[in-house]
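Just so you know, the protein sequences line up as chains A and B, in that order. So that you can map any letter, position 51 of the first sequence is 51 in my numbering, and since no number is skipped, the others follow by simple counting. Remember, my numbering sits 1000 above the position in the second sequence when you count from 1.
It should be emphasised that the hints constitute simulated quantities derived from the structure, not laboratory data. The structure displayed is predicted, hence computed values, not measured ones. Take these hints with a grain of salt, some might be off.
Claimed, not checked - Below 20 Å or equal to it, Euclidean Cα-Cα: the simulated DMTMM-like pairs (lysine to aspartate or glutamate) are:
{"id": "1", "chain 1": "B", "residue 1": "Lys1100", "chain 2": "B", "residue 2": "Asp1052"}
{"id": "2", "chain 1": "A", "residue 1": "Lys87", "chain 2": "A", "residue 2": "Glu44"}
{"id": "3", "chain 1": "B", "residue 1": "Lys1086", "chain 2": "B", "residue 2": "Asp1128"}
{"id": "4", "chain 1": "A", "residue 1": "Lys210", "chain 2": "A", "residue 2": "Glu190"}
{"id": "5", "chain 1": "A", "residue 1": "Lys196", "chain 2": "A", "residue 2": "Asp156"}
{"id": "6", "chain 1": "A", "residue 1": "Lys120", "chain 2": "B", "residue 2": "Glu1179"}
{"id": "7", "chain 1": "A", "residue 1": "Lys87", "chain 2": "B", "residue 2": "Glu1039"}
{"id": "8", "chain 1": "A", "residue 1": "Lys120", "chain 2": "B", "residue 2": "Asp1112"}
{"id": "9", "chain 1": "A", "residue 1": "Lys120", "chain 2": "B", "residue 2": "Glu1039"}
{"id": "10", "chain 1": "A", "residue 1": "Lys150", "chain 2": "A", "residue 2": "Glu136"}
{"id": "11", "chain 1": "A", "residue 1": "Lys87", "chain 2": "A", "residue 2": "Asp51"}
{"id": "12", "chain 1": "A", "residue 1": "Lys210", "chain 2": "A", "residue 2": "Glu224"}
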Amino acid sequence: MVFALTVFFAVAIVSLVVSSMTRRAFQQADEERTAALVAQFRSEFNRRGADVTRRIESIASSDSVTRMALSLSNSAPDYGAYLNEAKSIADSQQLDFLEFTDSQGTIISSAQSPARFGYKEPAIATVPAGLFLKKEELSDSVAIGMFATKTVRVSDKPLYVIGGRRLDPGFLASLELPAGMRVLLYQNIESAFSPKALSASSGTLASPEKISSLIERAQRTGQETTESYSLDHRPS
Amino acid sequence: MDIAPEQIRRATTDGRRVVESAPLDLLALVFTRERRSSEDGRLREALSFSLDRSSMRNALLQGEGEVAGGILPGWLSGYEFLFPAKLDLTRAQQLKSGVKTTSWTLGYNSNDPLGRLLAERIALNARDSGIAIQVTSSSDADLRLLRIPLVSLDPRLALRSAALATGAPVPAFAGSAVEQLYQAERVLVDTQRVIPLLHLPRAQGIGTGVRNWRRSQDGAWRLDDVWLATEKP
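Just chain A, with the same shape it has in the complex (with noise of 0.2 Å):
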């Protein structure tokens, strides 16, 4: 009898043990899984940054660029004549958003409003250097894009490069995800928590509210913000 209590309790307790350890390793190894992931979704999300932010360069040091500085260095601007201009470069250099601004951030041409000539461009005066996301304002909705912007110095008046790309389901699905992966967007345009503004890179949630508090604690704090959630997935 005491022998077999004694089995029983040494198998059990080995039981406990081996379990536990399992349990960690698994976490462990999940853990490390995820980590993995998050950083190859942050090497092609700044992979993507680095093209727009090549391309702004490439837009600011064009010699049709360089004209425009150099015109309106020693002129009034003309909207008119540069009316389609961000249209026709931002079309050829495929980027969603493109304006160029003068040292007072006055639109002289935009590619994404092209009727807003004249007015100024708010995010001029605050732009950080590099990459930045930043909230547009279009004629009949308002996006989130990826942007980059460029100074051209050809004179005392510099002129202001700004475009990029948009963030949206589009760009999601074209980002180069490994197996396994999905990435979930929101769009942080209004105030409270909105499913309408998630996004998924594939499927669709099936209970967006679920992170809701985590969306909300990112609005509140700015901060990357870490849960972990078991989320139902639809496939598309």
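Starting from the known structure of chain A, fit chain B onto it as the hints suggest.
For chain B alone, coordinates are given in the frame of chain A:
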């Protein structure tokens, strides 16, 4: 071939032979409903004062046409300067203040790229005085961007035709003097069914071999004396 007003500058720069008329056609905002209240009237007046017609002409129309305050072009009526067409944002904001905010939809012809640009510019200008305008290509809109052709060099006929095109009451003329014409146009403008924007020319590109090309003041072609020169190879 016909050349759109905003294409005239480019066509000329490209070396094409372009002939254009005096500014004939009226580009205007036309409300689909009559003014419903004095507040509605104040908003319509505020919208008119908030429009920067000069920049529409200079940039969107590439400097073609004339800013319009009246229905008839100044060269035809002689008194168009009596209708204000200047941007006055302060006045627009004064008129808008205290009036309940409303949102209008502005319809444009979806086949006309200039129409869309103009509509978007109008919406931007309106926002400066606190008026919300949503641009739409739908035909069911609160106001529409219309191009109204000048049908006659007789100002009375032209005014009557413009009134019919906008859906406004057809003006009555007390006499044939210019004062009566002005009064009739004043009554039409005061209905606030129409906000004049620009008077636009009509233009054609013609071949280099075409000689004696002439047109009457109302833009009609006069082909009786036209002949074709033989071009040297």
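Proposed proximity, Glu190(A) with Lys210(A) (alpha carbon, max 20 Å) | holds (18 Å)
Does Asp1052(B) lie within 20 Å of Lys1100(B) when you go C-alpha to C-alpha?
-> violated (23 Å)
Please work out if Lys150(A) and Glu136(A) have their alpha carbons no farther apart than 20 Å.
-> holds (18 Å)
Hinted pair Lys87(A) and Glu44(A), Cα distance within 20 Å = Violated. Lys87(A) to Glu44(A) sits at ~27 Å, over the 20 Å cutoff.
Restraint check for Lys120(A) with Glu1179(B), where alpha carbons must lie at most 20 Å apart = violated (44 Å)
Please work out if Lys196(A) and Asp156(A) have their alpha carbons no farther apart than 20 Å.
-> violated (46 Å)
Please work out if Lys1086(B) and Asp1128(B) have their alpha carbons no farther apart than 20 Å.
-> holds (15 Å)
Does Lys210(A) pair with Glu224(A) here, judged by a C-alpha cut-off of 20 Å?
-> holds (18 Å)
Lys87(A) paired with Glu1039(B) [C-alpha distance capped at 20 Å] | violated (40 Å)
For the pair supplied as a hint, Lys120(A) and Glu1039(B), confirm whether the alpha-carbon distance does not exceed 20 Å.
-> violated (30 Å)
20 Å limit on alpha-carbon distance, applied to hinted pair Lys87(A) and Asp51(A) = holds (19 Å)
If you draw a straight line from the CA of Lys120(A) to the CA of Asp1112(B), is it 20 Å or shorter?
-> Not OK: Lys120(A) and Asp1112(B) at ~27 Å, beyond 20 Å, violated.
Checked against the numbered hints given earlier, the structure breaks hints 1, 2, 5, 6, 7, 8, 9 and satisfies all the rest.
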